[in-house]
Amino acid sequence: MNGASPPKLLKRDHFGAIAVVETATGTCIERDTGAASFGLRWLARRVAAREARALARLAGVDGVPPLLAWDGRRLRRGYFDGHAMADGRPTDPHWFRRAHRLLRALRERGVVHNDLAKEANWIVRSDGSPAVVDFQLAMITTRPRSPWFRLLARENLRHLLKHKRTCCPDALTPVERRILARRSWLSR
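Residue 39 in my numbering sits at position 48 of the sequence shown; the count goes up by one each step and never skips.
To be clear, the hints were calculated from the coordinates, so they are not data collected in a lab. Among the clues, some could well be false.
[Said to hold, decoys possible] In the DSS-like style, the derived pairs of lysine-lysine whose C-alpha atoms are separated by at most 27 Å in a straight line are:
| id | residue 1 | residue 2 |
| --- | --- | --- |
| 1 | Lys109 | Lys153 |
| 2 | Lys(-1) | Lys153 |
| 3 | Lys(-1) | Lys109 |
| 4 | Lys109 | Lys2 |
This one's a predicted model, so the numbers in the text were calculated from it and none came from an experiment.
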């Protein structure tokens, strides 16, 4: 993975380093598992490989960064210009309708995110549309009708609705209020 300017470090933890990298083809995000703690490198590479599989499955879905490269150590994915939901809460109910459509597109491709409670994984793009990043914990299946997959997909929706309740509570529909009120055994 050559042709990059010095990366701008966003985060470093036990699972490696995440940086913004300028390449000849544009800006991207790079996850380097080689920077992970020695005893956790195997796990860091495993979750990065899962993210690569999820991004490959979701290729072409608007709101999901494209997989640019995965060499077993470094993962590069597309970059979205915008900010995390935590930095600028969307107050337009239309944003949440589009985010719900994005979750449906993931589900139709057999992917559930499993980490959407984190506001940092929701991006409000500069054009005002939603995006989702960080697919390390994603579940990828060929059986989207299985009870387990459907339960996890419902939990993804519940997390989105919890964010909507925080950002624009008056826009919650009666159906959305019922979904929020009915917690699954998993969330309990």
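Verification of the hints:
1. Lys109 / Lys153: holds, 11 Å
2. Lys(-1) / Lys153: Violated, because 32 Å separates the two Cα atoms, which is more than 27 Å.
3. Lys(-1) / Lys109: holds, 22 Å
4. Lys109 / Lys2: Holds, at about 15 Å.
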